[in-house]
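Enquirer: Fit chain B to the known structure of chain A by using the hints.
Now for the letters of each chain:
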Amino acid sequence: MAAKLILSMDGVVLKEYPLNKERMTIGRKSHNDIVIDNLAVSGEHAAIVTILHDSFLEDLDSTNGLEVNGIPTKKHFLQNNDLIEIGKYKLKYINDQTTQANAADFEKTMVLRAPVKQAAPQVEKGDATASFMRTQVNANATQSADVVEKTGKFDIRPPVAPAAPAAKPASPAIAAAPIPQAAAVQILTGPNAGKELELVKNLTTLGKPGVQVAVLTRRPHGHFITHVEGANHPMVNGVTLGDHPHQLNDHDVIELAGIKMEFYFKG
Amino acid sequence: MKVEDAIEIVSQTNPGMVRSHNEDSVAQNAACGLVVLADGMGGYNAGEVASGIAVSVVMTEICQHLQNASPTDRDDATGDELGALLLRDNICKANASIFQAAQSQPQYAGMGTTIVSGLFYDNRVVVGHVGDSRMYRLRGETLETITRDHSLLQEQIDGGMISIEDARLSKNKNLVTRAVGIDAEVEPEIHLHDVQVGDIYLLCSDGLNDMVEDEDIQSTLYAMQSNLPLATEQLIQMANDNGGRDNVSVILVKVKGEFAVPRGWLANLFNWFKK
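Chains as they are written, first to last, in my numbering: chain A, 1 to 267; chain B, 268 to 542.
Chain A with its partners taken away, still in its complex shape (with noise of 0.2 Å):
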């Protein structure tokens, strides 16, 4: 489904455009995709060039500019939920495909290429699967690719149920894992003792190379401490550790390399 700009003034929906062509304009002029009629904004005010499932916005050299969520911007990559504010009216940006379908789906690998020379007789063969992406692409293809072959599942998805409004955001592709409660090491022992290191980094490392070294982890579901190299293997509260990640509790006492340390949770 495509994006979709949502015209409002002091509150009151005007009007839905659907982002269905590769580039729409936004004036107060009447060949624009979008009118708006007030003298505040420019003949030709700005544009929205959508590629796929991505759209951009651009400021054409309007008199007064335009802002997206509060910021004065020439151009800007448009997020689900932005609100371009353009005088006193305001398009709010809707784009919240990875909702509506299967989020894993979606994300599947798919070739997007520009139209076979000779006639391919796979992409013909095809099934919902190729007749889907083509209506799909004529939506919203740019020039160069008229021709996205969808090889995954799309034909065994569910139909696309209207999504509950906004439920979550279109989750950025690298998800924002639950960051685990806030934890540190105070060193017990040796020159350092007394010193108090924060894990603010999925990755810490402890030892010194090449003769013991070990790296505490944070994962979602808590603080793993594991040991990486050297003959000796770490102790944790006496016990000494095998080859695999050991989850860390609060207080316990490790020993590396002859210096004892300390785990705990803050805050």
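In case anyone wonders, no lab produced these hints; they're calculated from the structure. There could be a bad hint or two in this list.
Stated by the list, open to error - A short, non-exhaustive set of chain A residues, derived as facing chain B with CB atoms under 7 Å: (1) His53; (2) Phe77; (3) Thr109; (4) Met110; (5) Asn202; (6) Val215; (7) Arg218; (8) Pro220; (9) Val228; (10) Asn249; (11) Val253.
Keep in mind that this is a model prediction, so the values were computed, not measured. Think of the CB as a built atom: it goes at the ideal place given N, C-alpha and C, for glycine as much as any other residue.
Expert: Using the frame of chain A, we list chain B on its own:
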């Protein structure tokens, strides 16, 4: 030093947290200095079939050819080195095999695969790739991508349409502009890189680099460089901890020593006797 003694290879592939089957394929052969990774696509099991064909064609053909030849031999006609030629030719061969299978069997129609492959010889690595599977190199503390994805997003980045920071937010991540087995012909991208002792090369499917930030890949490789099996496991675990929405495959190659092909009159004499 022979290449098999100079490099250490560890590989692992995992279906991830969401997908029921694994469409990635990996293979390695230390004696030839060859690693291959492919990420297949296509309905039902066609993705596995495509990546499986690609990996086995490239692996067996190159290793077989190198039994009686050296990758440093030069082609009489073009003057190109055999290593680079073999990689290019066999990716094309894999392309033809997959394309034919897809044409002749309806259940495989439209299948294809990405591929990334490295052939280590003579203190160098020749890298061939098609699609969005990547090779990274950790040298010192710096992690670099040494392949450039054949994807719509990469083209947009190159064209200045979208910044690298914004690219993470794109919804067009999964569109590749080149793949093996989709058309009758394919053009693999081939590059030759010098190798240094201590380098670590990472080959991965997009299931890793879509789920794990480059910064975390770097810190893992750097911290665990002395323990490749652990590093491999950690990378896959990080992808799965972050959602594991795709199959994830990793090959790590660590360069432990020099592996220059012997040159000079003594070596030539030795080779002459061998013939």
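Enquirer: All the hints need checking, so say for each whether the structure fits it.
Expert: Status of the hints after comparison with the structure:
Contact between A/His53 and chain B, as hinted, is supported at the beta carbon level, the nearest pair being about 4 Å apart and thus within 7 Å. A least Cβ separation of about 4 Å between A/Phe77 and chain B falls short of the 7 Å threshold, and the interface hint therefore holds. Interface hint status for A/Thr109: upheld, as the beta-carbon distance to the closest one in chain B is roughly 5 Å, under 7 Å. Taken as an interface hint, A/Met110 checks out: its beta carbon lies about 6 Å from the nearest beta carbon of chain B, inside 7 Å.
Annotation: A/Asn202 was flagged as interfacial toward chain B, and the flag holds, the nearest CB pair being 5 Å apart, inside 7 Å. The criterion of a C-beta within 7 Å of any C-beta in chain B is met by A/Val215, whose closest approach is roughly 5 Å, and the hint holds. The beta carbon of A/Arg218 comes no nearer than 9 Å to any beta carbon in chain B, farther than 7 Å, and the hint placing it at the interface is violated. The beta carbon of A/Pro220 comes within 5 Å of a beta carbon in chain B, closer than 7 Å, and the hint placing it at the interface holds.
The criterion of a C-beta within 7 Å of any C-beta in chain B is met by A/Val228, whose closest approach is roughly 5 Å, and the hint holds. Among the interface hints, the one on A/Asn249 is violated; its C-beta lies about 19 Å from the nearest C-beta in chain B, farther than the 7 Å criterion. Proximity of A/Val253 to chain B is violated relative to the hint, the smallest CB-CB distance being about 22 Å (cut-off 7 Å).
In summary, the numbered hints that this structure violates are 7, 10 and 11.
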